[in-house]
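Novice: In case you want the letters, here they are:
Protein chains: 2
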Amino acid sequence: MENELRRDYFLDRFVIIAVGRAKRPNDYVHIGSVEADTGRGCFFCPGSENQTPPEISRLEEDGKWIMRVFPNKFPAVSPEDGPDTGIMMPAYGRHEVVVESPEHGKTVADLSIERIVSLLKVYSGRVEAMLADPKIEYVMVFKNHGRAAGASLAHTHTQIISLPVVPNLVREEVEAAGRYHQERGTCPLCDAWVKEMNGPRRVWEDDYAAVFTPYASRNPFESWIMPKRHIKALNELDADERKSLASGLKLVLSKLKAGLNDPPYNMYLHVSPGEDDLHMHFEVLPRLSTWAGFELGSGIIINTMAPETAAEFLREK
Amino acid sequence: MENELRRDYFLDRFVIIAVGRAKRPNDYVHIGSVEADTGRGCFFCPGSENQTPPEISRLEEDGKWIMRVFPNKFPAVSPEDGPDTGIMMPAYGRHEVVVESPEHGKTVADLSIERIVSLLKVYSGRVEAMLADPKIEYVMVFKNHGRAAGASLAHTHTQIISLPVVPNLVREEVEAAGRYHQERGTCPLCDAWVKEMNGPRRVWEDDYAAVFTPYASRNPFESWIMPKRHIKALNELDADERKSLASGLKLVLSKLKAGLNDPPYNMYLHVSPGEDDLHMHFEVLPRLSTWAGFELGSGIIINTMAPETAAEFLREK
Chain A
1 MENELRRDYF LDRFVIIAVG RAKRPNDYVH IGSVEADTGR GCFFCPGSEN
51 QTPPEISRLE EDGKWIMRVF PNKFPAVSPE DGPDTGIMMP AYGRHEVVVE
101 SPEHGKTVAD LSIERIVSLL KVYSGRVEAM LADPKIEYVM VFKNHGRAAG
151 ASLAHTHTQI ISLPVVPNLV REEVEAAGRY HQERGTCPLC DAWVKEMNGP
201 RRVWEDDYAA VFTPYASRNP FESWIMPKRH IKALNELDAD ERKSLASGLK
251 LVLSKLKAGL NDPPYNMYLH VSPGEDDLHM HFEVLPRLST WAGFELGSGI
301 IINTMAPETA AEFLREK
Chain B
1 MENELRRDYF LDRFVIIAVG RAKRPNDYVH IGSVEADTGR GCFFCPGSEN
51 QTPPEISRLE EDGKWIMRVF PNKFPAVSPE DGPDTGIMMP AYGRHEVVVE
101 SPEHGKTVAD LSIERIVSLL KVYSGRVEAM LADPKIEYVM VFKNHGRAAG
151 ASLAHTHTQI ISLPVVPNLV REEVEAAGRY HQERGTCPLC DAWVKEMNGP
201 RRVWEDDYAA VFTPYASRNP FESWIMPKRH IKALNELDAD ERKSLASGLK
251 LVLSKLKAGL NDPPYNMYLH VSPGEDDLHM HFEVLPRLST WAGFELGSGI
301 IINTMAPETA AEFLREK
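Taken in sequence, the protein lines are chains A and B. The first sequence lines up with residues 1 to 317 when you count with the numbering used here. The second sequence lines up with residues 1 to 317 when you count with the numbering used here.
Here chain A stands alone, though its shape is the one from the complex:
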């Protein structure tokens, strides 16, 4: 098998699957310095609620909170607006944090499917609230797990940032999906999951959701989780779909945690901006390799693990 240059399903994005440098899945087991992280002094733990900015909302069970939402103390965007000069504008928007569990040391992989369903509802509620502001063009939901993935606090949390522009990577997907639709009359992501459920990159599916490692995976164990129905955003999910997506997310995150010793990863959600049309999906990017000068200068990512190998690993029980 030679190294392959693979093009994404619909984006002008290439990866090199460098099987000549390939390792086995177990070579990627995360060797983290096991921090003596007791949670002492953690601002996100119960008892420290007064050390976060004022709470926006919470979910409770048995009189105690199980999830909390509040503004980020060090926001990347801010709610003061100002003039747009064409190449500069204030970084207008809101930056919020969702603490997904009161238990320090728990991760989303450890939550029950019902809790992850609740988390998806929390995401949806905050996204809707942020989109009510007419100056907002897009809301980015993302998660950093582990220091190498950019998490500065260990206690499990998601971040939500609203923006006055559609981010270029989302716009590229919308435009490429539009071209694909014009040429073939179908959605590239509807086509992708159907194809992948019948091939070597299938990880899991049920009636409502599909999980696979994408053909042009950028990172080892990259996984996409999406509803089968062509829907544009979180608020279009019905109860069955939410439960299936929660199951798919739990499956991927649990397998990464158990099989690769809790590796660092990023997760983010891509949805349709405004009236545009993009099949919503989650992308999980484990951070088990380093993008270097070639990747940063070319945009072509060298991946030393074939997604077929990654899917086989993720399918194993």
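Treat the hints as calculated values from the structure; they're not laboratory data. Even for Gly, the Cβ is constructed at its ideal location relative to N, Cα and C. You may find that some hints are simply not true.
What the hints assert, rightly or not - Restraint ranges, calculated between C-beta atoms of paired labels, are given here:
{"no.": "1", "chain 1": "B", "residue 1": "53", "chain 2": "A", "residue 2": "112", "range": "48 to 58 Å"}
{"no.": "2", "chain 1": "B", "residue 1": "27", "chain 2": "A", "residue 2": "29", "range": "32 to 42 Å"}
{"no.": "3", "chain 1": "B", "residue 1": "106", "chain 2": "A", "residue 2": "235", "range": "55 to 65 Å"}
To be verified - Derived SDA-like pairs: lysine to any residue, alpha-carbon spacing no greater than 20 Å straight-line:
{"no.": "4", "chain 1": "A", "residue 1": "255", "chain 2": "A", "residue 2": "239"}
{"no.": "5", "chain 1": "A", "residue 1": "73", "chain 2": "B", "residue 2": "289"}
{"no.": "6", "chain 1": "A", "residue 1": "195", "chain 2": "B", "residue 2": "277"}
{"no.": "7", "chain 1": "B", "residue 1": "243", "chain 2": "B", "residue 2": "125"}
{"no.": "8", "chain 1": "A", "residue 1": "73", "chain 2": "B", "residue 2": "243"}
{"no.": "9", "chain 1": "B", "residue 1": "73", "chain 2": "A", "residue 2": "73"}
{"no.": "10", "chain 1": "B", "residue 1": "73", "chain 2": "B", "residue 2": "88"}
{"no.": "11", "chain 1": "B", "residue 1": "243", "chain 2": "B", "residue 2": "50"}
{"no.": "12", "chain 1": "A", "residue 1": "135", "chain 2": "B", "residue 2": "88"}
{"no.": "13", "chain 1": "B", "residue 1": "106", "chain 2": "B", "residue 2": "40"}
{"no.": "14", "chain 1": "B", "residue 1": "23", "chain 2": "A", "residue 2": "147"}
{"no.": "15", "chain 1": "A", "residue 1": "250", "chain 2": "A", "residue 2": "73"}
{"no.": "16", "chain 1": "A", "residue 1": "73", "chain 2": "B", "residue 2": "88"}
{"no.": "17", "chain 1": "B", "residue 1": "73", "chain 2": "A", "residue 2": "240"}
{"no.": "18", "chain 1": "B", "residue 1": "195", "chain 2": "A", "residue 2": "85"}
Fit chain B to the supplied structure of chain A, relying on the hints for placement.
Specialist: The following block gives chain B in isolation, referenced to the frame of chain A:
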């Protein structure tokens, strides 16, 4: 000063300059575990020439080599070709290594300007040789310095990879420069250096080259080094321009090394592919921050250092 959302000179690329999270330059001083790196067992040191793949070329001084070029032992691309299926093709090309100094522990920052001039000539020669293959569309010259920047070997070296496609980031620059030229009749990078030499992001210039921190810098201390004349590729540089570019490169890399304790960085060269028109330039990206879920999902980079602050630091003698 508010956080700013800045658009690149000509690309649809946004950054958030998050001064609300800002640090001072000295907060970025690299805290590396000072490895006891004696060079013992290094394949790139003199005496181990027979452990690299067969040498392609060398520069000598006083009968000893001062630079060597040879194929990468673990290539990302390979010289066997095969059919192109539209979304998959063999990763055809050549992957070479330039060892820039025989001295283990030396970096490009430590080389004399004359040596860096020689290095630019070596780059140019290898790029021309690779482009002689009609199947090659682009040649990427890049450098990884330090483990966090993806360098797997400590001994200073550059990598050169030839590709059967134009990388998407280069194509985006070509297309955006074309649109800019159509609208204004000028080159965006000619305009950029002229503007920047008269403002707070100026780092250095002489008659032939300009160095600045770009307006929409993605990383702390990102620096661009370019010839003032609108030229497309290394083989168009005249002797004065080569010397000036070498001086600019040495200045940036020396200042990073001395001022920030030898931080990890990537450097790459963007040139015009084929008949296209792109003002050639080097980009240096220090790796002193981590791109996380927001960056990977949106393409918008949050940078906690304003390029004006970075330029001030780089200008200091």
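Novice: Return the numbers of the hints above that this structure violates; sort them in rising order.
Specialist: 4, 6, 8, 9, 10, 11, 12, 15, 16 and 17
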